[in-house]
Amino acid sequence: MTEAVRNPRLHALGAASIELAEIVGGMGVLLARILVRIHKFDGEELVKNLYKMAVKSLPIVAVTALFTGAIMVIQAAVIVKRFNAEGLLGWGAGFGTLREIAPLLTALMISGRVGANNTAELGTMVVTEQIDALRVLAIDPIAFLIVPRFIAILATLVMMTLFADALALFGAAYTGQGLLGVEPMTFFNGLTGGLLDFGDVFNGLFKSFVFALVMALASCHFGLATKGGAPGVGRAVNASVVASAAGIFVLDYLVSFLG
Amino acid sequence: MLAFKNIKKSFGPKQVLNDVSFDVKAGECFFIIGASGVGKSVLIKHLVGLLACDSGEIWLDGEEISRFDEQQMGPVRKKCAMVFQHATLFDSMTCAENVALPLRKHKDMNAKDALAEAKKRLSVVHMQAFADRYPPELGDGMRKRVAIARALTVDPTYVLFDEPTTSLDPVSARRVDTLIRELCDKLGVTSIVVSHDLSSIFSIADRIVMLYKGKVLKIGTPAEFKATDNGIIQQFINGRAEGPMDL
Amino acid sequence: MSATTETHPDPSPPDATEGVEAELGFVGSIGAAFLDIAVAARELYSVFVRTLYYVFRGKRVKGAVLHQMNEIGVKSVAFICITMGFIGMILVYQSGLQAKRVVPDFTMLGATYLELLVRDFAASIGALMLATRVGAGIAAEIGSMVVTEQVDALRMSAADPIDYLVVPRFLASLVMTLALIVIAGTVAFCSGAATAYVFFDVRPDIFFNMQLVDVGDFLTGFTKCMAYGAAIPIVSSWCGLSTFGGSEGVGWATTRAVVNSSLAIIILNFFISAAGFLIFPG
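Protein chains in written order, with my numbering: chain A, 1 to 259; chain B, 1001 to 1247; chain C, 2001 to 2282.
Keep in mind that the hints were calculated from the coordinates and are not lab data.
Any given hint could turn out to be false.
[To be verified] Distance condition first, Cα-Cα at most 16 Å in a straight line; then the derived EDC-like pairs of lysine to aspartate or glutamate: (1) B:K1112 x A:D42; (2) B:K1215 x B:D1023; (3) B:K1105 x A:D42; (4) B:K1105 x A:D140; (5) A:K48 x B:D1091; (6) B:K1107 x A:D42; (7) B:K1078 x A:D132.
[Claimed, not checked] Residues from chain A that face chain C, not an exhaustive set, calculated with beta carbons under 10 Å: (8) E100; (9) I131; (10) L179.
Glycine is no exception: its CB is placed at the ideal position from the N, C-alpha and C atoms.
Take the sequences, apply the hints, and build the full model.
Dropping the structure here:
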């Protein structure tokens, strides 16, 4: 350590790689520890977290979904006008929404609200010794705190994506009517006319499940690894949000090619 | 019966505990005193497995527990409850829920019975009126009494108190003292108290150990401490700024 | 919980927040939500107007804007490149799949992708990423200054925190958002071109087709860059300045900054896209 670093750039690269390996490894170990205890979750904590994460996120997901649907129609509108194919509007807007945009944007919003919150809460519990207090009461912090949160985040994101799918299509249909004069029935016919099937919806839902997995692990990992008092909580939240966003994009890529 | 034998602990280059040994007898109210930062809290955290010592042995009722893992620590923690310096209640739960949590987890009670039992236990520490309030809304003294009620839910034989009266007003502090003394006298609990509050030390302690520079300076009764001619102890128990003690 | 309270009568009042919600009822809570939004909108407007005022009238601290440009811009380049690289690959792959189901003709894939990228995706998705990284950073920084009373100290020395804290971030963000989004678009286009070549056998020279990109697309995209560049620091600074309640408060402020900036981007996107479509149809 005391030896002078000969090549600072190389050194920084190495340090960054080790840090990345540490984070991914830490998340992997956390996943293993969660899975071992997955049957021992605390029902009361699960209900509490589901309420806090899912019910309280409804308004923000609703606003996001409605506007996203509308934006997708505006983007598709140019093409529809060019080819004068109104019947394709539903398919044009629906395909991207169901497979890509709704799961992605819902995940980003939920990551900002739920993931960041979760890290802040766990981080505060770490720096104020509340985790130690649990251990001293002979209560396993992973089983009591982390497992319910893990399950709640998974359930929340998948449910919210389904909800966002529906609302985005609704917003898209009525924007299509307002902007292009395409009847909502024509829009929905275009949607169900054989070019889109439940496979596309499932593809989107599977994606959101994968996003939830990375978000749950990242937010719990950074929360539990919080160090250094109050400023440490801020740093942990920031790290968790950035890691979740990057993780979501990388996994989106991988899942898109698999599905 | 609890015994620390030759405990050593350092954090990085800083040696905090250097060969600390003493015994605590069943049913006594035992105080660990010393200046801030001398490792009093560090020492009792070893007993509940929050820290692991570098070398040495900790004997609790005939078992050597210093190398126990998290799983083996479970029964030890039910036997030794701990009240943290800042009470450390769970902020997201009401006082009653805080007390009900260990009941629910360790006594096989359902949520409703646990809450009812929790309220009974809160009345023991005169906190039943605040059962449905959240900890951040309460004063330090109140939080500490709830923390004591929570620690007692597992029916421990040992209770560790980390600076129970620090940051409390004098009246709240004396109430907490009374509560600790009652635990020893009425329930036969062994209390191990980390403190530098002189009035607590001389009103409720049975025996005292004083730590200084990572070592045991003296073990004895309050009377023996008052009678000693050791300059450092005299400076500490009389609270003088000038004297032979270095910090 | 109420059942146990009845069996053990005690004088404690019910939990404060639950009590308020119960008193308001459903209609009342909707009203309260609207009041909250109205208050937030007014505060946001006030921060925005004061920022604009100080942009022209304030005293400039030397190097403050440059420092923020480094913080906001230079340090986000890697993050933006990675995320936009991936999103470019995903978008082209998805649109390729989509096109395959209708007409297996990929000659227009690049042209359509480039148009969408210029008009919307580069700016909007890039800005969403920036909201996460930059918004969280601004709110955390200003928020911790609030809770450690540094902002009050600024006020005591007769410096408006808006002038001192928000204006440099605002100016830096306006410039750097534009620059970052140009980078983001380029990266997304290149990764998209690579994907098209590997999966759909579209040669890069055919993929790079500017035929569909017109002035309207450029203007829409540019307006979006400016709007997002202004919105992210304003919304995040507002969240940071309204921090309360110590360390935990900073965590909440960060969360709110990310969520509110993202929402602001999505809502602005809707209005600018709609306006762009109406002004430059096709």
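Verification of the hints:
| no. | hint | verdict |
| --- | --- | --- |
| 1 | B:K1112 x A:D42 | holds, 15 Å |
| 2 | B:K1215 x B:D1023 | holds, 14 Å |
| 3 | B:K1105 x A:D42 | holds, 9 Å |
| 4 | B:K1105 x A:D140 | holds, 10 Å |
| 5 | A:K48 x B:D1091 | holds, 14 Å |
| 6 | B:K1107 x A:D42 | holds, 15 Å |
| 7 | B:K1078 x A:D132 | holds, 14 Å |
| 8 | E100 | holds, 5 Å |
| 9 | I131 | violated, 15 Å |
| 10 | L179 | holds, 7 Å |
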